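*Asks:* I would like the entire structure built from these sequences, with the hints used as guidance.
As a plain string of letters, each chain reads:
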Amino acid sequence: AQKITQTQPGMFVQEKEAVTLDCTYDTSDQSYGLFWYKQPSSGEMIFLIYQGSYDEQNATEGRYSLNFQKARKSANLVISASQLGDSAMYFCAMRGPWGQGGKLIFGQGTELSVKP
Amino acid sequence: DGGITQSPKYLFRKEGQNVTLSCEQNLNHDAMYWYRQDPGQGLRLIYYSQIVNDFQKGDIAEGYSVSREKKESFPLTVTSAQKNPTAFYLCASRGGLDYEQYFGPGTRLTVT
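Protein chains in written order, with the numbering used here: chain A, 1 to 116; chain B, 1001 to 1112.
Note that these hints are calculated values from the structure, not bench results. If you're wondering where the values come from, they're calculated on a predicted model, not measured in any experiment. Check the hints yourself; a few may be wrong.
[Claimed, not checked] Calculated lysine-lysine pairs in the DSS-like style (CA-CA distance at most 30 Å, straight line):
#1 Lys1070/B x Lys1057/B
#2 Lys1009/B x Lys1071/B
#3 Lys1014/B x Lys1057/B
#4 Lys16/A x Lys70/A
#5 Lys73/A x Lys1057/B
#6 Lys3/A x Lys1083/B
#7 Lys1057/B x Lys1009/B
#8 Lys3/A x Lys1057/B
#9 Lys70/A x Lys3/A
[Claimed, not checked] If we take Cβ atoms under 7 Å as the criterion, some of the chain B residues that face chain A in the derived model are:
#10 Phe1012
#11 Tyr1048
#12 Tyr1099
The beta-carbon is built from N, C-alpha and C at its ideal position, and this holds for glycine as well.
*Replies:* This is the structure:
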């Protein structure tokens, strides 16, 4: 069965510093996708970044980058130059089998607080 | 503007009543999903639909029902059989060539 594990319930970071949010995954599939979503206090899930299992380079989107280590089954999110608006819950997710409609399997989330 | 709308944002119901949550998208996406989120937890899949007039159970479908009569709409009914209906419900959609799912703003349901 596929599983996502986020072991950091909460993290603090100083404004303008970089922070890494951890994510490990478990799957027996060779083809899979990994996602990070941000959930501010309003509740909406905001897509941040995607990494395919066959992508050789780590994904980057602006201040977000995904540190993909396939052998370790980890997909950590790195946020550079943290801003106060980055304070939110962050969820790592994996795309389930296409036979199950491409559903997303989520971790428990990490609450990030950015200090001024 | 293209997007997903969910209404209402907050919903209150008495125990034993069925309630229907609305989800509408104008992104022309084929696939739509319903997730449930409990406090301090990640999202869990309730139902999904990949095409009009077809839908499949997700991981926690018991006590819920859906319909997909139009491409744009995927309403979720929380029935009285759902033992713990109080939760935050999120609807999402995905285009055929997209990997990511786009989410609506969510509906917070409270049943007392």
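*Asks:* Each hint should be assessed against the structure and marked as holding or not.
*Replies:* Results of checking the hints against the structure:
no., hint, in the structure
1, Lys1070/B x Lys1057/B, "holds (18 Å)"
2, Lys1009/B x Lys1071/B, "holds (22 Å)"
3, Lys1014/B x Lys1057/B, "holds (26 Å)"
4, Lys16/A x Lys70/A, "holds (29 Å)"
5, Lys73/A x Lys1057/B, "holds (28 Å)"
6, Lys3/A x Lys1083/B, "holds (25 Å)"
7, Lys1057/B x Lys1009/B, "holds (24 Å)"
8, Lys3/A x Lys1057/B, "holds (19 Å)"
9, Lys70/A x Lys3/A, "holds (15 Å)"
10, Phe1012, "violated (17 Å)"
11, Tyr1048, "holds (4 Å)"
12, Tyr1099, "holds (5 Å)"
In this structure, only the earlier hint numbered 10 is contradicted, and the remaining ones agree with it.
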